[in-house]
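We have chain A already, so just place chain B on it with the hints.
There are 2 protein chains.
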Amino acid sequence: PGKKVLIVYAHQEPKSFNGSLLKIAVEELTKQGCSVTVSDLYAMQFEPRATRNDIVGHLHNSEEFNYGVETWEAYKRGGLSKDLIEEQRKVQEADLLIFQFPLFWFNMPAILKGWMDRVLVQGFAYDLSKSYDGGLLQDKLSLFSFTTGGTKERFAKRGDVRYLLWPMQHGIMHFCGVKVLEPHICYAPAHASEEKRKEMLAAWTQRLKTLWKEEPIDCSPEWYFK
Amino acid sequence: PGKKVLIVYAHQEPKSFNGSLLKIAVEELTKQGCSVTVSDLYAMQFEPRATRNDIVGHLHNSEEFNYGVETWEAYKRGGLSKDLIEEQRKVQEADLLIFQFPLFWFNMPAILKGWMDRVLVQGFAYDLSKSYDGGLLQDKLSLFSFTTGGTKERFAKRGDVRYLLWPMQHGIMHFCGVKVLEPHICYAPAHASEEKRKEMLAAWTQRLKTLWKEEPIDCSPEWYFK
Chain A
108 PGKKVLIVYA
118 HQEPKSFNGS
128 LLKIAVEELT
138 KQGCSVTVSD
148 LYAMQFEPRA
158 TRNDIVGHLH
168 NSEEFNYGVE
178 TWEAYKRGGL
188 SKDLIEEQRK
198 VQEADLLIFQ
208 FPLFWFNMPA
218 ILKGWMDRVL
228 VQGFAYDLSK
238 SYDGGLLQDK
248 LSLFSFTTGG
258 TKERFAKRGD
268 VRYLLWPMQH
278 GIMHFCGVKV
288 LEPHICYAPA
298 HASEEKRKEM
308 LAAWTQRLKT
318 LWKEEPIDCS
328 PEWYFK
Chain B
108 PGKKVLIVYA
118 HQEPKSFNGS
128 LLKIAVEELT
138 KQGCSVTVSD
148 LYAMQFEPRA
158 TRNDIVGHLH
168 NSEEFNYGVE
178 TWEAYKRGGL
188 SKDLIEEQRK
198 VQEADLLIFQ
208 FPLFWFNMPA
218 ILKGWMDRVL
228 VQGFAYDLSK
238 SYDGGLLQDK
248 LSLFSFTTGG
258 TKERFAKRGD
268 VRYLLWPMQH
278 GIMHFCGVKV
288 LEPHICYAPA
298 HASEEKRKEM
308 LAAWTQRLKT
318 LWKEEPIDCS
328 PEWYFK
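Just so you know, the sequences run in chain order A and B. One gets our numbering by counting positions in the first sequence from 1 and adding 107 to each. One gets our numbering by counting positions in the second sequence from 1 and adding 107 to each.
So here's chain A without its partners, still in its complex pose:
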């Protein structure tokens, strides 16, 4: 109770299975007394492209545009675009970040990848020697909750599903110092029976009830590739 949660949500359709998972998380966490904020990326028409527009006013080096350098400099002088400052404020306030999305190509949809690219800039999320366990977003938790097109069996046939979590969980969250809870994966809801879909939704509600007692995963290569 009193915990703050940011849900970054990337689905176009409120009636989708992802939409139901979002609704459940908002309701259950609110019921627990958490304060829940949702960034509904498609509804916000969130910009995924990393461009010069993200920097208000003059550039540090207008001869040769370097996005990483420019956003770092802009962050330090409070010169990032409004939408980024707003998302960074939400992240800063949150105790837990939940990413809710359908897996696209073994990965996040581009709109969510764009949120990572543009919001988690140097100076805000990490810095020169401040990364991994020293990252700037320590004392926060994260959870990747996603649906897949393929069944669990189909995924397992081609190697462990954990392989695809490495860039997201380790490369982004762990790099910023954010602890990572077990992912929540709903396999192939589009091909499941109505009963099975209800079971999957109930399992998410159930998990959320004891979420705050969970221990983060061990963010080492062994967790992913053993």
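FYI, nobody ran anything at the bench for these hints, they're computed from the structure. These figures come from a predicted structure and were not determined experimentally. Don't take every hint at face value.
Which copy? The list can't say, so a pair holds if one copy fits it or any two copies do.
To be verified - Listed next, the in silico EDC-like pairs over lysine to aspartate or glutamate satisfying Cα-Cα at most 20 Å (straight line):
| no. | residue 1 | residue 2 |
| --- | --- | --- |
| 1 | K333 | D267 |
| 2 | K122 | E170 |
| 3 | K110 | E135 |
| 4 | K333 | E260 |
| 5 | K259 | E302 |
Chain B in isolation, oriented as in the chain A frame:
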């Protein structure tokens, strides 16, 4: 000679190291007698978001929007948006796809991920039982060429760089039946001496000279995780 190459390029700045790598590829491959096409995503202001706008005219199910289903149906009736049809035409004609980009968060920049999400739709790149070695884009080669922020040593400290290639090379290219050449990685050009940068550019020219003699990698979990 006579081979067709599509370079999908994702950098904002022509004067960047990625810009130099692109220029080298265009020049060297053209010199070999290849026909080279470039999709310069930032210059095209390529749209990375997967939305209803990608479908021209009526929806298959306007009650509940499902991007995968709608683009599949639209593909079959020639109803995808113009920019997608144009990119698919370029892919269809190409013998080799080169992706040139700076690594953002252990992954492609969002604008390039959006190209994957929107261009490689069902019916065009894969189909119900047509994936992996049966994928619809067989007899094509691909090559991921990218720069990193961190040095090789820094990457190696946290597990093999191949781990992050799994979603891109296996999850996307291999899934569509496209063969994958060894990735081309330029580590931390921003922190390298002018001499070292020149060496890296020369190495790319050199590799391109014998590119057509290369054998694709073995796209199995063993290549990535051994």
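Hint check:
no., hint, result
1, K333 / D267, "both (9 Å within a copy, 14 Å between copies)"
2, K122 / E170, "between (47 Å within a copy, 9 Å between copies)"
3, K110 / E135, "within (13 Å within a copy, 57 Å between copies)"
4, K333 / E260, "within (19 Å within a copy, 22 Å between copies)"
5, K259 / E302, "within (17 Å within a copy, 49 Å between copies)"
Violated hints: none; the structure is consistent with every hint.
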